[in-house]
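Trainee: Chain by chain, the residues run as shown.
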Amino acid sequence: MASGGPTVLQFPQASTNLTAKIHPLVIFNICDCFVRRPDQAERVIGTLLGSVLPDGTVDIRNCYAVPHNESSDQVALDIDYHHNMLSSQQKVNPREAIVGWFSTGSGVTGGSALIHDFYSREVPNPVHLTVDTGFKDEGRTIKAFVSVNLSLGDQQLAAQFQEIPLDLRMVEAERVGFDILKTTTVDRLPGDLEGMEATMERLLALIDDVYKYVDNVVEGRVAPDNNIGRFISDTVASLPKFSPQAFNKLVNDSFQDHSLVLYLSSIARTQLSLAQTLNTAAQLL
Amino acid sequence: MANSGARSFLQAVATEEVATPLRVVQIEGLVVLKIIKHCKELSPALVTGQLLGLDVGSVLEVTNCFPFPIREEDEEIEAEGANYQLEMMRCLREVNVDNNTVGWYQSTLYGSFQTVELIETFMNYQENIRRCVCIIYDPSRSNQGVLALKALKLSDSFMELYRSNNFTGEQLRERNLSWVDIFEEIPIKVSNSALISAFMTELEPDTHVNQCDYDRLQLSTHPYLERNMEFLVECMDDLSMEQQKFQYYYRNLSRQQTQQQAWLQKRRAENMARRAAGEEPLPEEDPSNPIFKPIPEPSRLDSFLITNQVATYCNQINGVVGQSFSRLSLMKALHES
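So the sequence lines, in the order shown, correspond to chains A and B. According to UniProt numbering, the first sequence is numbered sequentially starting from 1. According to UniProt numbering, the second sequence is numbered sequentially starting from 1.
These aren't lab readings, by the way, just hints derived from the structure by calculation. Treat the hints loosely; a few may be bogus.
Derived EDC-like pairs (lysine to aspartate or glutamate); straight-line CA-CA distance at most 20 Å [as the list claims (entries may be wrong)]:
id, chain 1, residue 1, chain 2, residue 2
1, B, Lys150, B, Glu120
2, B, Lys332, A, Glu197
3, B, Lys37, A, Glu96
4, B, Lys332, A, Asp208
5, A, Lys143, A, Asp167
6, B, Lys266, B, Glu285
7, A, Lys91, B, Glu87
8, B, Lys332, A, Glu201
9, B, Lys37, A, Asp167
10, A, Lys241, A, Asp253
Okay, chain A solo, but in the shape it has when bound (with noise of 0.2 Å):
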């Protein structure tokens, strides 16, 4: 150490309260960079792309890979090819800029703060994404973090991992439909009414399921829980309350418009088959 006088280790002061948001649009990326490595290659490293949200979480919207060469203690990353690809990226949307790095494998690595630090010269404070593609840690495959910095006065010794929380919650993901995503081939999509009826199919479960609850309740086989009795209730209220004639017409009328908008195309599409019929088999002039 320097000259004279106790030196403090410092500790970051409390923890970053940053949290990181991510897109299931990565998790697909980085999945297929990974199965599409290189042979002698044993995990993929690429960048992550998003935004800072107003109240500090980042947003992880999109991501790709970027070669790199290992060996036992140095990491070579193609940093043109970085910068070539961002450039493009950013020509399609110019609102997503770097905000940190991924790798697959477990957890942080000897490496893995040599990247990091070429990473926050392109943008302070970059998030690192771990995925673990090989499952060992049961639960807990995709982990993010942070840098920061450990000194012993003013020296900086070392720069520590530090893990931030990460929002799984795929909305996105959602709308397409898990059932579609989650299998590995699905034959076909799945229709209008399809849909609609495995929607209802699911309303009605939980329907009855809230049926079987309050029974059971009622009949004391279960102990109540007034938080789920306030949902209950709030569910049930949230029912607009309607006079028996005014609900038969409201619903009659919607059933009427639709019919007549149901006819009128109808009417269109007899009219455009019978068009064509008539075309095709009419010897014109």
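Knowing the structure of chain A, use the given hints to seat chain B on it.
Mentor: Just chain B now, with coordinates in the frame of chain A:
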């Protein structure tokens, strides 16, 4: 030896390709998500992108894609766009992505995609790639809880006709081509790698309800239906305009024919008189006369496309209304119970 072997292999591949028609488009989940993300983020602007993948027998595998920047009407920027495309392909090749163009994707609003531009783009692609598809994604429809993806290609007979650029009624009748035969929809299959499937299963346990269900149970479909009706009415107007064009053409044609008849009769009578007088008869045809100039027949392409569009709207409306009916019945049953 090796050379001849390779050639015969190539030949074998080529002949095989001709033999098997395209049956299924197999898309990776990654591509689905990428398309959705790109289309949704820039909605309501319409966007396009390129599909990369492999052509395997009767299946066209789409394994990756990349978006195009929004196009601008400027030569310089257009050249830049081409550069961008090459650059992106080069970059993706470096990380072992299939770099084989198999088509493109584009977003649409309320299914209004059947335009002459689409066909032109198709023909452009078709020149370089024998088998290409266009994947169409409709963000407005996806808000209703449906995955609105469609894979289209032009039918072979239509392409032939388009190349000859001859959309007269006679030609169409001869080839027995009607408006339903312009586009062919190809069934879509979605596939995921085992790794992704494992991740999704781990990250998202089975839930009773998801966002899709909420979207589907949304009672108000009016905005969507209204827009659809608006477009339908517009299309009907266009269609009747086209029809008027044809009526005008036929009226002109029949007028011309009567004129020709009259002229011919006159000429015959004249010839009779001349023959009686012992003179040479005049020819019965006179190309210099303006009434013999053929009137160009208007192209049927536009009306075909409009008809197609109308049919799409009708189908969409029927679908939505069908859903609404079930929703209303559900609502009624709920309220009564």
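Trainee: B/Lys332 and A/Glu197: Cα distance at most 20 Å?
Mentor: holds, 16 Å
Trainee: Quickly compare the C-alpha distance for B/Lys37 and A/Asp167 to 20 Å and report which way the hint goes.
Mentor: With a Cα-Cα distance of about 18 Å, the restraint between B/Lys37 and A/Asp167 holds, given a limit of 20 Å.
Trainee: Quickly compare the C-alpha distance for A/Lys91 and B/Glu87 to 20 Å and report which way the hint goes.
Mentor: Measuring from Cα to Cα gives roughly 12 Å; hence the hint holds.
Trainee: Taking 20 Å as the top limit, are the C-alpha atoms of B/Lys150 and B/Glu120 close enough?
Mentor: The hint holds at about 19 Å.
Trainee: Is it true that the CA of B/Lys332 sits at most 20 Å from the CA of A/Glu201?
Mentor: holds, 16 Å
Trainee: Under the criterion that the straight-line Cα-Cα distance not exceed 20 Å, is the pair B/Lys37, A/Glu96 satisfied?
Mentor: Roughly 13 Å separates the two Cα atoms, so the pair holds.
Trainee: Checking one constraint from the list: CA of A/Lys143 to CA of A/Asp167, max 20 Å. Satisfied?
Mentor: Holds. A/Lys143 to A/Asp167 sits at ~10 Å (cutoff 20 Å).
Trainee: Between the alpha carbons of A/Lys241 and A/Asp253, is the straight-line distance 20 Å or under?
Mentor: holds, 18 Å
Trainee: Does A/Asp208 sit within 20 Å of B/Lys332, going by the straight-line distance between their CA atoms?
Mentor: holds, 18 Å
Trainee: Taken at face value, is the distance from the CA of B/Glu285 to the CA of B/Lys266 at most 20 Å?
Mentor: Distance ~12 Å between B/Lys266 and B/Glu285 Cα, so the pair holds.
Of the numbered hints stated above, none is contradicted by the structure.
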